[in-house]
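Colleague: Sequence:
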Amino acid sequence: MSDNKDLERELSEMLSEQEQASKEERLEEERRRLSPKYEIRIQTNLDPIVEETRKYRSMAKEIDGRYDEYLKKTKKE
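In UniProt numbering, the protein residues as written are 1 to 77.
Careful, some of the hints might be misleading.
List time: in silico BS3-like cross-link candidates among lysine-lysine, alpha-carbon distance up to 30 Å [as the list claims (entries may be wrong)]:
1. 75 x 55
2. 73 x 55
3. 37 x 23
4. 37 x 55
5. 23 x 5
6. 73 x 61
7. 75 x 61
Taking CB as the label site, the calculated pair distances span [to be verified]:
8. 30 x 63: 35 to 43 Å
9. 11 x 34: 31 to 39 Å
10. 30 x 59: 56 to 64 Å
11. 40 x 71: 48 to 56 Å
12. 40 x 65: 27 to 35 Å
13. 15 x 56: 55 to 63 Å
14. 3 x 23: 27 to 35 Å
15. 15 x 51: 57 to 65 Å
16. 42 x 69: 21 to 29 Å
17. 17 x 69: 53 to 61 Å
18. 18 x 59: 35 to 43 Å
19. 23 x 75: 51 to 59 Å
20. 26 x 73: 42 to 50 Å
The set of hints was computed from the structure by calculation and includes no laboratory data. Since the structure is predicted, the reported quantities are computational estimates derived from the model, not experimental observations. Glycine residues also receive a C-beta, built at the ideal position from the N, C-alpha and C atoms.
Go ahead and model the full structure; you've got the sequences and the hints to work with.
Modeller: Here it is, written out as structure tokens:
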């Protein structure tokens, strides 16, 4: 009878250790997926959003003026 209890206890310990290891692996995976703390920005002469908006406006009329204010801010006059 004690052999059964010993086996049951060992099995329980093994399962709890395995669960703990999987929790640690999940936490490590979550840490890897987090976005970086710092962000590198590079200043350019041309704004790709402005250039793309101008191209689209040359092809078709915009339904709403959602980029009007942005384009006004970016003019280099």
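Colleague: Compare the structure with the hints numbered earlier in the document and write down the numbers of the violated ones, lowest to highest.
Modeller: Going through the list in order, the structure violates hints 4, 10, 11 and 18 and respects the others.
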